[in-house]
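**Student:** Start from the sequences, fold in the hints, and give me the full structure.
There are 2 protein chains.
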Amino acid sequence: MLKLSTKGQYGVRAMFEIARGYPEHPVAIREIAERQDVSVAYLEQILNTLRKAGLITSVRGPGGGYLLSRSPREISIGEILRGLDGPVALTACQDPLAGCVRADGCVTSLLWKALGEKIEGFLDQMTLHDLLAGKKFGSERAVGA
Amino acid sequence: MLKLSTKGQYGVRAMFEIARGYPEHPVAIREIAERQDVSVAYLEQILNTLRKAGLITSVRGPGGGYLLSRSPREISIGEILRGLDGPVALTACQDPLAGCVRADGCVTSLLWKALGEKIEGFLDQMTLHDLLAGKKFGSERAVGA
DNA sequence: TAATACCTTACTAAATTTGTCAAGTATTTT
DNA sequence: AAAATACTTGACAAATTTAGTAAGGTATTA
Ligand code: FES
Ligand code: FES
Numbered sequence: 017m018l019k020l021s022t023k024g025q026y027g028v029r030a031m032f033e034i035a036r037g038y039p040e041h042p043v044a045i046r047e048i049a050e051r052q053d054v055s056v057a058y059l060e061q062i063l064n065t066l067r068k069a070g071l072i073t074s075v076r077g078p079g080g081g082y083l084l085s086r087s088p089r090e091i092s093i094g095e096i097l098r099g100l101d102g103p104v105a106l107t108a109c110q111d112p113l114a115g116c117v118r119a120d121g122c123v124t125s126l127l128w129k130a131l132g133e134k135i136e137g138f139l140d141q142m143t144l145h146d147l148l149a150g151k152k153f154g155s156e157r158a159v160g161a
Numbered sequence: 017m018l019k020l021s022t023k024g025q026y027g028v029r030a031m032f033e034i035a036r037g038y039p040e041h042p043v044a045i046r047e048i049a050e051r052q053d054v055s056v057a058y059l060e061q062i063l064n065t066l067r068k069a070g071l072i073t074s075v076r077g078p079g080g081g082y083l084l085s086r087s088p089r090e091i092s093i094g095e096i097l098r099g100l101d102g103p104v105a106l107t108a109c110q111d112p113l114a115g116c117v118r119a120d121g122c123v124t125s126l127l128w129k130a131l132g133e134k135i136e137g138f139l140d141q142m143t144l145h146d147l148l149a150g151k152k153f154g155s156e157r158a159v160g161a
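Line order of the protein sequences matches chains Y and B. Okay, so the first sequence: first residue is 17 according to our numbering, each after it adds one. Okay, so the second sequence: first residue is 17 according to our numbering, each after it adds one.
If chains are identical, the list can't say which one is meant, so a pair holds when it fits in one copy or spans any two.
Here are the simulated BS3-like pairs of lysine-lysine, each with C-alpha atoms no more than 27 Å apart in a straight line:
1. K23 <-> K68
2. K152 <-> K23
3. K23 <-> K151
Note that these hints are calculated values from the structure, not bench results.
**Tutor:** As C-alpha cells, then:
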C-alpha cells in the first residue's frame, strides 16, 4: 500500500549525492550511478526532469556534472518527489484537477484530504540538509486527528 | 505520487455502509453497490477479502448481507486498507520481509521509515466511528521531524 | 580534434491495477 | 419442494503504470 516509485527514491538519493558537492563541485552522473547503484541511463532521465523542475543545474564537458540550484536547506524532499512523480494525490478526487462528482456526499473525502496534507507537510519540512546532517527523524508521535 | 488503490478506497466506503447497519442489520452487497456507485462484481471480491481478514461476517439467504465483526470504534481505516492492499510499504526496503542490502549505508532509510510510521499512525487512529460521526479531521498541523 | 559528459526522444517488457464473468453454495419464504 | 435471494469462488483480461534500455545528439574542454 502507498508505494513510492523507484524513480522518486533514486531521485532523492541522487540529490543527496549532488548536495555533497554543494556549492562549488559538480557531481558527474557516473559518480552518482556508482555510489547509489542506479544505471546511468535511468539517472539521465531522472536528473533531466529535476533540472527542468529547477532543482539542479548542469555543467557540460570534462569536469562537468550537476549542482544544486539552491542550498540544501532550501530544497525539500517534497519538492524532489513532486518534481518526479507529481503531487501527492491519494485519490483521483483529491487531485488538484477535476474534483470528484460525489465530493459533497463522500464520507471519505475529508479523510483523504487530511492524510494527504499530513504527508505533504512532512515531506516539505524535510530538506536535503537534514539528510546530509544525518538527522534523526522522529517517528514516535503518531498524531491523530 | 502515493496513490491509494481504488480497491482500498471502495473498501473503506463499503465498510462505512456496513457500519451503518451495526450492530444488527445486515447490509446487502447490492445496497452498498448502489449507494457507493461501485459494481457488485468488484465489491464481491473486496468484501470477500475483508471477510477473510476478519473484519466482517456474512449472512446468506434473503435478508442477508454483511455485518461488522466488531464495533465501529474498534475497526480502524488502517486495518481495512491493510486487509485489502497489504501494509504501508513505501519502499521495497521498508517491507517487513527482506530488508535492503544497503540498509546500513542508505541515507534515506530512516526517512522512509519515519514517514511510513507516521502514515500508519494516522490510519490506525482513525476508525469507522469517526467516519460515521462525520468527524472533522485535523489537517492543519504538519508535524515535522 | 579527441575526450568527456550532459541532453533528448523513443521504445518496450514486466508488473500492477481494475475490473468482468460464470458458475456454485447456502438460506429463507411460499 | 421450489423459487428467490444473496453470498462464494476462481479464472481471466483489458488498461495503465512502472521501470527501465537504447541510440544518437549537443556542448565544453584539454
Ligand atoms: S468519491 Fe470522490 S471524494 Fe470520495
Ligand atoms: S536502498 Fe534500501 S534502505 Fe535505501
